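Chains as they are written, first to last, in my numbering: chain A, 159 to 492; chain B, 3 to 371.
Keep in mind the hints are simulated off the structure, nothing from the lab. Among these hints, one or two may not hold up.
Here are the simulated PhoX-like pairs of lysine-lysine, each with C-alpha atoms no more than 25 angstroms apart in a straight line [said to hold, decoys possible]:
1) B:Lys254 with B:Lys292
2) B:Lys134 with A:Lys342
3) A:Lys318 with A:Lys446
4) A:Lys244 with A:Lys296
5) B:Lys254 with A:Lys342
6) A:Lys471 with A:Lys244
The model shown is predicted, which means the values in this text are computed figures rather than measured ones.
Chain residues, written in single-letter form:
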Amino acid sequence: MLGENRITLKHGAGGTAMVELIEDVFAASYGDLNAPRDDSARVDVSGPLAFTTDSFVVDPIFFPGGDIGRLAVAGTVNDLLATGAKPIALSASFIIEEGFPVNDLITIARSMEETAQEANVQIVTGDTKVVARGSADKVFISTSGIGVILRNGISGAAAKPGDVIILTGSIGDHGAAVMLAREKLLDAETVKSDTAPLTDIVLNLIEAGCEIHSMRDPTRGGIGAALNEIAKQSDVGMVLDERAIAVKPPVAAACEALGIDPLYVANEGKMIIIVSAADAERSLDIIKRQRYGYDASIVGRITSNHPGQVRIKTSIGTTRIVPPPSGELLPRIC
Amino acid sequence: MRLSDEFRDESLVQQVASRLRTYEGISATIMEVCGTHTMSAARFGISSLLPDGITLISGPGCPVCVTDQRDIDAFLAIGQSADIILCTFGDMVRVPGSYTSLEKLRAEGADVRVVYSPTDAVNIAVGNPSKKVTFFGVGFETTAPATAVAIRTAREADLHNFYVYSCHKTMPPALRALLASGETAVSGLLLPGHVSTIIGTRAYEFIPQEFGMPCAVAGFEPLDMLLGIEAILSQIVEENPRVENTYRRAVKEQPNEHARELIEDVFVAADCAWRGIGVIPGSGLEIAPKYWAFDAKKRFSELVGSANPVSNSSCRCGDVLRGAIRPNECALFGRACTPLTPVGPCMVSSEGACAAAYKYGGPPTKNAR
Chain A
159 MLGENRITLK HGAGGTAMVE LIEDVFAASY GDLNAPRDDS ARVDVSGPLA FTTDSFVVDP
219 IFFPGGDIGR LAVAGTVNDL LATGAKPIAL SASFIIEEGF PVNDLITIAR SMEETAQEAN
279 VQIVTGDTKV VARGSADKVF ISTSGIGVIL RNGISGAAAK PGDVIILTGS IGDHGAAVML
339 AREKLLDAET VKSDTAPLTD IVLNLIEAGC EIHSMRDPTR GGIGAALNEI AKQSDVGMVL
399 DERAIAVKPP VAAACEALGI DPLYVANEGK MIIIVSAADA ERSLDIIKRQ RYGYDASIVG
459 RITSNHPGQV RIKTSIGTTR IVPPPSGELL PRIC
Chain B
3 MRLSDEFRDE SLVQQVASRL RTYEGISATI MEVCGTHTMS AARFGISSLL PDGITLISGP
63 GCPVCVTDQR DIDAFLAIGQ SADIILCTFG DMVRVPGSYT SLEKLRAEGA DVRVVYSPTD
123 AVNIAVGNPS KKVTFFGVGF ETTAPATAVA IRTAREADLH NFYVYSCHKT MPPALRALLA
183 SGETAVSGLL LPGHVSTIIG TRAYEFIPQE FGMPCAVAGF EPLDMLLGIE AILSQIVEEN
243 PRVENTYRRA VKEQPNEHAR ELIEDVFVAA DCAWRGIGVI PGSGLEIAPK YWAFDAKKRF
303 SELVGSANPV SNSSCRCGDV LRGAIRPNEC ALFGRACTPL TPVGPCMVSS EGACAAAYKY
363 GGPPTKNAR
């Protein structure tokens, strides 16, 4: 019944309308129905914790290959994984614009639950605020997450010369899908976002004892930004092989049409994993066996030359620098 | 994208590169006229495939970059009109005017919209009948026909709230002015592939005939560019300058008749100011009298006339656009002027020589040859 309605300011006012919304939408989708309704959730863990937070304001909120809810869970899960942590629990805070359809909220909450199950993590606490029409755009979600660190020392500062750079799949899918959906360009449906939690990939690598030095979730700024960050943090150089970096043909076409470089386009279901050379092939085998890792490949190596700088061997055999991105992605005009 | 893969094939590229090495010992500066060539050369490290004496330099082929400061200021001034929606291609949003930019106007509350085609701006006018929608028409022969279609569509739809500020320009008069000035010491011109699909190769005959200058029309993939450069080098060695078409899959000798008809119907040639070059006779496309109802320069003549441009004297975009200097020879490059804090348009546009040089870290290393 609630589903036919739209969110109004009363749903954020702390009264029965809000309780009804929380029970019917959030608790019904991903809550533990038996958990006490207290001000905080109780989580039992032991060992060092990883703790991260992220906000999601994607427009459009539903896009080919995902939605803002899946993104909000996968994004925070992947950030935890990148530090070598097993994700345990998430919080989810919603800022909802007055007039937002309750049905869309239910769809988003269910998508969050599906993604959380896939990632083997629980959403244990949350918050809901409703703001007047125009004070927010449809819905914004913040998620925070805690995880137990399974392997110490995994850091962007720990890449070493000789290490191998593995990328778990093709680049640019998410950014291209959202840009095309937003601008209604080309045949938007041909490009799907890669939004996904990468729990299986990372936990299996750790369990197998692969010597992982650095991991990063290359979201905004793409692998171009993420690799430059690691090169600077670890004070090492990198040499990439452009031909080993997979770009799906419709993504490549979209990037050509918009005049942007897929190296700088966002991913939401990929991990950069830097491992010791000795463990490279074994790690790649493990990654390729996972649902979201079938397309993984070795895309480059760490070198002691040109510390702080990322270079790429292009598809035509030349070498150029891959600088950190500097600003807004703008479409070209001719 | 299958169509472009073979033009990025390493073995084919290396074959042409090895042929180019036979020109070792020749000293030649080749101007890539088009901004897309500039970006492609930087992205693929084309200059690292050339013999040491052969260098590339950028020319006036980035439409955003050559737009005169007065035109940018005038368009920004139109933004002061009540009930206005300014429509522009994305590259123009961050180009600084003398006092503000579209980006700043938007942050202050102006309705500034990025469009991908001039027809999108017409649709915005249809959807906002109480607003005056003004499109910033920037671009060469490739973009002008699309603006012409938009203006004709607006007339057919009997729209009274759609205007175009035309800064459209044509390439041959600019090349003539550049060569006639004698300032730019180039030995050959790599001619713009996109523009040539519209105007045909015949439009360039004056380059070898009047100036004895070798030239070749080239596409934008690495192999295309190398074949164009090879054609120019062979003309230099044979002392036989001519217009060579190395982009035959897209470019013909004759112009595209449909596009030419559109341009001739909607625009008239006029003298036009180019940043860095000055006024070039007959190089601009102004809206023809029968379409003056859609001409923003007429509709907002007072605001347009109020533009009072002040140039930043240390910005050397003008010199870059004439091929007189390379981006890193400007004192502001990479210091005061970066893509985040651009001083001149060449650092903003995705086709700008300074943006390309900054983005790809200057000339690539030669060690991968």
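Quiz item: Which numbered conditions among the earlier hints are violated in the structure presented, ordered from lowest to highest?
Solution: 1, 4, 5 and 6
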